[in-house]
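J.: Single-letter residue listing:
2 protein chains.
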Amino acid sequence: MGVFVGVAALVAVAAVLWAAYATWSIVRHSQGTDRMKEIQHYIRDGAYAFMLEEARVMTISMLVVGGVLGLLFYWEVMVAFWIGSILSMAAGFVGMNAATLANGRTTEAARSSFKNALNVAFTGGTAMGMGVAGLALGGLALVVWLFRGDFDPATLTIETKTIFGIPGADVNFIKGAIIVSAYSAGASLVALFDRVGGGIYTKAADMAADMVGKVELKLPEDDPRNPATIADNVGDNVGDVGGLGADLLESFIASIISVSIIGMYLHVGRANPDIAGLIARYGEGFQDLANYWWMVLLPMLFVSGGIVSTLIAFAYIRLSRARENMQPVLMNGTRLAAGLTVALAALTTWLSPSNFVPFWCMLLGVGSGIGIGFTSEYFTSSSYKPTRQLAESYQSGPAIGVTEGMAVGMLSALWPCLIIGGAMIITYLLGGLLGTAFGALGMLSFVGMTVSVDSYGPIADNASGIATMSALDPSVRERTDKLDSIGNTTAAIGKGFAIGSAAFAALALIAAYLWSAAGLADEVHVPNIPLIDPERGALVLAGMIVGGMVTYVFSALLIRSVSRTADLMVQEIRRQFRENPDIMEGKTTPDYKRCITITASGATRKMVLPSALALGTPLVVGLIFGRFALAGFLVGALISAVVLAIYCANAGGSMDNAKKYVEEGNFGGKGSPAHDAGVTADTVGDPLKDTVGPSLDILIKLMSVVSLLFASLFPITPFFMR
Amino acid sequence: MGVFVGVAALVAVAAVLWAAYATWSIVRHSQGTDRMKEIQHYIRDGAYAFMLEEARVMTISMLVVGGVLGLLFYWEVMVAFWIGSILSMAAGFVGMNAATLANGRTTEAARSSFKNALNVAFTGGTAMGMGVAGLALGGLALVVWLFRGDFDPATLTIETKTIFGIPGADVNFIKGAIIVSAYSAGASLVALFDRVGGGIYTKAADMAADMVGKVELKLPEDDPRNPATIADNVGDNVGDVGGLGADLLESFIASIISVSIIGMYLHVGRANPDIAGLIARYGEGFQDLANYWWMVLLPMLFVSGGIVSTLIAFAYIRLSRARENMQPVLMNGTRLAAGLTVALAALTTWLSPSNFVPFWCMLLGVGSGIGIGFTSEYFTSSSYKPTRQLAESYQSGPAIGVTEGMAVGMLSALWPCLIIGGAMIITYLLGGLLGTAFGALGMLSFVGMTVSVDSYGPIADNASGIATMSALDPSVRERTDKLDSIGNTTAAIGKGFAIGSAAFAALALIAAYLWSAAGLADEVHVPNIPLIDPERGALVLAGMIVGGMVTYVFSALLIRSVSRTADLMVQEIRRQFRENPDIMEGKTTPDYKRCITITASGATRKMVLPSALALGTPLVVGLIFGRFALAGFLVGALISAVVLAIYCANAGGSMDNAKKYVEEGNFGGKGSPAHDAGVTADTVGDPLKDTVGPSLDILIKLMSVVSLLFASLFPITPFFMR
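First to last, the protein sequences are chains A and B.
Under the numbering used here, the first residue of the first sequence carries the number 1, and numbering increases by one thereafter.
Under the numbering used here, the first residue of the second sequence carries the number 1, and numbering increases by one thereafter.
You may find that some hints are simply not true.
Claimed, not checked - Beyond 12 Å from chain B on every Cβ pair, some chain A residues (computed):
| # | residue |
| --- | --- |
| 1 | 275 |
| 2 | 534 |
| 3 | 680 |
To be verified - Pairwise CB distance ranges (calculated):
| # | chain 1 | residue 1 | chain 2 | residue 2 | range |
| --- | --- | --- | --- | --- | --- |
| 4 | A | 588 | B | 579 | 55 to 63 Å |
| 5 | B | 716 | A | 277 | 32 to 40 Å |
| 6 | A | 619 | B | 6 | 48 to 56 Å |
Stated by the list, open to error - Capping the alpha-carbon separation at 30 Å, the derived lysine-lysine pairs in DSS-like fashion look like this:
| # | chain 1 | residue 1 | chain 2 | residue 2 |
| --- | --- | --- | --- | --- |
| 7 | A | 670 | B | 660 |
| 8 | B | 214 | A | 670 |
| 9 | B | 115 | A | 218 |
| 10 | B | 214 | A | 660 |
Bear in mind the hints are in silico, worked out from the structure with no lab data behind them.
None of these values were measured; they are calculated from a predicted model.
Just so you know, even glycine gets a beta-carbon here, dropped at the ideal spot from N, CA and C.
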């Protein structure tokens, strides 16, 4: 075990050190003029204030949920849960901190040259990427090392515990599996709050700023006279950086622990010939008891390789920064990270006692991620037909524009779902549910790179905002806008990865749940969950319908939260202009703070209900209808959420880029009726792509990990069928 | 058998006679002025022309698919398929014929009194309702009687047939089950074309008429100067009447034959103790071999009771027509039909050798249907909070309006899904999959009433159009509008029924499919389909993802068809106004025919691809990935489609009614910014509620019945796993 934890810890420390170095190297850059400093100060203060307010809610939730876990299971479970929560919060802060340091400095660097600006912005992104990857892996290594006794192959067994001392209320589980599940669940809970809260914040601010600023008063984007403009920039940092970081940290952890948990069940169930047959698929190595740690902790080595590869890719990008055209450099960097990750995984597999089944599954995961990323780009980039046709349809007015945008989103579900379905079948054929879990791991193995590229976008976006608000020379904004557009292309692939990886991570968690749910009494079985059977019958099917529905209700709550918070803000903006006409003349600064406070308190209050829904429904379904119905519930939610999330992300992305395509001078350009239709379509698409889509990713992961954690508590046959 | 077929045939004849009588009694009324006659002529010609064009495509498809069935199985299967197709087409024509006869006569009657108008319109609706119910039941009685040898309990067995004489290509099935499946599939194919084609037609015409007429030229609704106005009225008849009729006819047949097919499998599998246990749940009666016909044909008696009850309810409504306030009379009529249906079912059950399990399941179906109808009304009627709040949000502009409308639709999925899930579990617990099929039957047992009430709406809508176009006194339009609004409230329940019944009918078909798929080799098993298992593993799960995706792609194709056909039409309308300015002055009539031709050819051409998708995907999945993957595919599609269909129907309905609520003078009334936002939101919602939602209902039924029909052809283990 020492080797695995040691390597992971070492790599994690290296990653965190890089994050610190990157942050330090950003700080060294100049912050620019006084006006720029002032604006950066506003944004940073606003972002910190909001994330601290969120952290307060999260800390209370974390303490309560952790305490319940401690009472139900053991104190170790509680501690693991807390570690997961704290690290997830920390990842959000690290990213947000780096991003709010880098934004103004990127603007300042853009005053001298485009390349300097790119350098600062990308360095900010890498701080986040490495922070996420390093903290996730380091935390897991810590948990495994702290509670190493509970993972020991010699003593690993199905334990029985009596809940609250109630006679007959016995539950069976593997303690080590519960501990790592709790670690993942802790991260998940925080990620949900971060994603939902950040998502509501960012879109409410954005919509309000656009609706009053752009539509009513015809102010340009990021005009300092618009009171919501700072809140809009804060939103980018708390939603697109903080939320994204926590979300991918959770996917990353989930994909690692799923493999470990299934590995533990396989080990405990070795005596069962079915399970022995499954282990045999991985060659003689895994059949050997002595190689237990390889079976359970191999993913730690795979992702350590991914982090090392990402660091090498960073070095390549840094060395290439003298090049003229940076977009291919970024793309090549991503390819390099992916390729090296695969190569290191092949090497690790070759050194391991396993055959190449884990490697092939992982490779399929990487390939699927890239494939899904490509289809996202095809449907959302204005270089391809779907978005160009959408832009053309804007000429027929906003209603047709929105309708066609929805159609593009719906159509875009085709390939990702075929890819996911295909990868599911192939990985299962290769290695059973463990193979599927390895597939998920592949997709997430070089998460450091995808997060870096993804969070570079909002930094560039902020930099543009600061340039305009500080009334810098227009050439500066041109440079930062170019930066932004490079980010968009690269980020399209990243977004595809986020959805694909969430689907796979949730699938891996469900796989682990199925193993836990099938681990009945004191014997472990290969999961055999009926869709419909003569005994428990329609429970699974009914669970599916309810699961499919919950994703819609969750989405509805989010959309309402966004539009209602935006509405409050619209009223505030109108009030400021009405009561203080000097603002419009540019003679006095508007009350930015008040807008920030309104959005922040709206977002924190409104993130509670959807979060409670996500936490509560699997518990209710599990406790009342039992493990089988819950399996159906999770699968129904997964299917519904994956398709809906792809739809939301791509419909929103395409509507946005089609609007930008019109702005570039096509179909009448800015100010034309097509552009007006595009602005409306974009506003409809905004909460879909930036609030609902990303939140659905974490919804299915959270529901799955909660189910995994509490699986042993749920009855096999519900009370009304006994 | 004679008794069952005799009763069904008798009731079916009575229903068809009523339809004929109703049509005759409409024709006796006056058609009104020459101008009114002219317009009615245009609408009727347009509707006939389109439905004949559709019928051409359907006839070719029907001949081809039927021929393939004949070659694969037996000539009897082909004949049953053709009977189903022809009756489904006939039902569409009967309804459309009555509706196009009743529309102008309703207007004419409205010139004298409101009650006369209601009488004509409702009589038109009953012609459709009884036509649908009578033809469906009569056709089934005919098929069972024609091929009675294939349903004979003495010889009923699992047959083996070698496909195309290919050695080893043996399939196993029960011939009688295949015959009734083919009957249902024939009806289904035509219903799909009717729904999709009619749905595209009606919304393309509506959107085009609104976009140019209302938005660009500020013409009022149904202005005769608008060249698209006749096409819009034709659309109501081919979509909302013809399409609806064919759709519910298919649900009705599907729910009957599902019970019969499962009954046949139970009979053949009696020797299996599991199956014997299942039969025992229905009491000693069904265990007796002599009561075979009761087990298989009981649903025919239930629905015969439903038709008789509906006829009695018609009589009640006719007798009450002297009353002041007709809305409660219509509601009471519906309640009476439901109550009597339940009472007659109880009586039938009491006379039958079964215990009350079928009755309870059926009752639960009726209750669920009413429950779903009520939730639809709550979310879409402006008497309740959700739609009023939506109307309020229109004040913040079209983007917020559409966004909030989507949220209402998503939220509205909550209760229907809980109801469906609950009904699924309870009916299964009571009587296995047969119980679930009885639940579906309950929901559809008084279909004659729901269709009558539903198709009365478009007649009233047309009547209003004719009033305006004929420049009658505004008081006439007021009366017909009142008629329309009464129809809307009653139809909300009908719409809920349509969705709920489609979900249940599809579920019943899937249940029958599961029985067929489980009927392996020469022995029948109780279906036990794994969601995930060690052998075939992730096939079912992967099938689900793909099934979930197909509903979105299907919806995308429909939306695009609507908006592109509307676009062609917009160009044509603009051309007419541009080339002939006299139209705008009202000096010359626009070229209505050309608009009708454009929409009709657009709709017929564009219904082919979605239909091919619906027909083809289950075959591809079944042939390549086998029966288990197909089970997953159907379930995934069902879940995705049910939630999406509820979302579409209620989002669209709420956006429409919120707009009407604004028009009534709230939040600024007509011409206010809130109203403009409402018009945009309504245009976005229109294809959702009138094209996508209804088509999804038939999509899942068609895919399920196609799977049921071809089940025996699909491998149990796919080729790549052997």
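J.: Against each hint, give a clear statement of whether it holds in the structure.
T.: Hint by hint, here is what the structure shows:
no.	hint	result
1	275	9 Å, violated
2	534	4 Å, violated
3	680	5 Å, violated
4	588/A x 579/B: 55 to 63 Å	56 Å, holds
5	716/B x 277/A: 32 to 40 Å	21 Å, violated
6	619/A x 6/B: 48 to 56 Å	55 Å, holds
7	670/A x 660/B	33 Å, violated
8	214/B x 670/A	25 Å, holds
9	115/B x 218/A	54 Å, violated
10	214/B x 660/A	29 Å, holds
Against the hints set out earlier in the document, violations occur for numbers 1, 2, 3, 5, 7 and 9.
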